[in-house]
Amino acid sequence: MLEGRTAIQRDLNRLEKWADRKLMKFSKVKCKVLHVGRSSPRHQYMLEADQLESSLAEKDLVVLLDTRLNMSQQCALAAKAANDILGRVRQSIISRSREGILPLCSTLLRPHLEYCVQFWAPQYNRDIDILETVQRRVIRMIKGLDDLTYEVRVRELELFTLQERRLNVYIYLKRGCKEDRARLFSVVPSDRTRGNGYKLKCRRFPLKIRKHFYPVKVTEHWHRLCRGAVESTSLKILKSCLDRVLDHWLSMALLEQG
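Each step along the sequence shown adds one to the number in my numbering, with nothing skipped, and position 196 is 196.
No false leads were slipped in.
Have a look at the derived ranges for each label pair, beta carbon to beta carbon: (1) G100 <-> F205: 44 to 50 Å; (2) G100 <-> N125: 29 to 35 Å; (3) S39 <-> T107: 41 to 47 Å; (4) D50 <-> E156: 58 to 64 Å.
For the record, the hints were derived by calculation from the structure and aren't laboratory data.
In this text, a Cβ means the ideal position worked out from N, Cα and C, and glycines have one as well.
Kindly generate the complete structure, drawing on both the sequences and the hints.
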């Protein structure tokens, strides 16, 4: 849209004037334009009378974003960083008890796997598996769980899979984060006795890429939870309800597998 392009160029001009007043210069080599979407007109922007170069992918606040909003590269980078740290933990720590491994990995690995994950969450099964493999490696290090499947090991350790952790809606709806809640979700008022009382509005979107965004993809899973889970008054009660729900889903999945 012409108005958007004009606004961006106007902001660039303001930044240029601000830098002049502060006697500073932009490193134009590091200033790139990311044209998002296939139908982007690829408008050219100017900074200090020079045309800015376009880029296929750029990293901002440690998150790698490309022109197609495909998060596969970011998932691979996050998994690699976490695997590198896990390798160092394996070499440095002799103990293989859950009391020693879990706190270390939660502190050192989880920030790489979950930093800003609401934005760059994996879109494809292969990316989900890449991230989940990191936690699988962590759990395999713990003694006493050799004969159990990954899903059962997770329950034994009172953990969630990374995919389940990415579906966390409770903190936005019931625990503060009010400004984020207003921007992300719309609660549908309902006095029906069936289902839970915190139904989220299912938004329509013209592009398939939109279904991978956090507010859209968590809605279906949230609606499947019972009233006791979503209307719980504390996070502890919610986790207790979730354990029962997830155990039921796991049992059904294992029965389907035979």
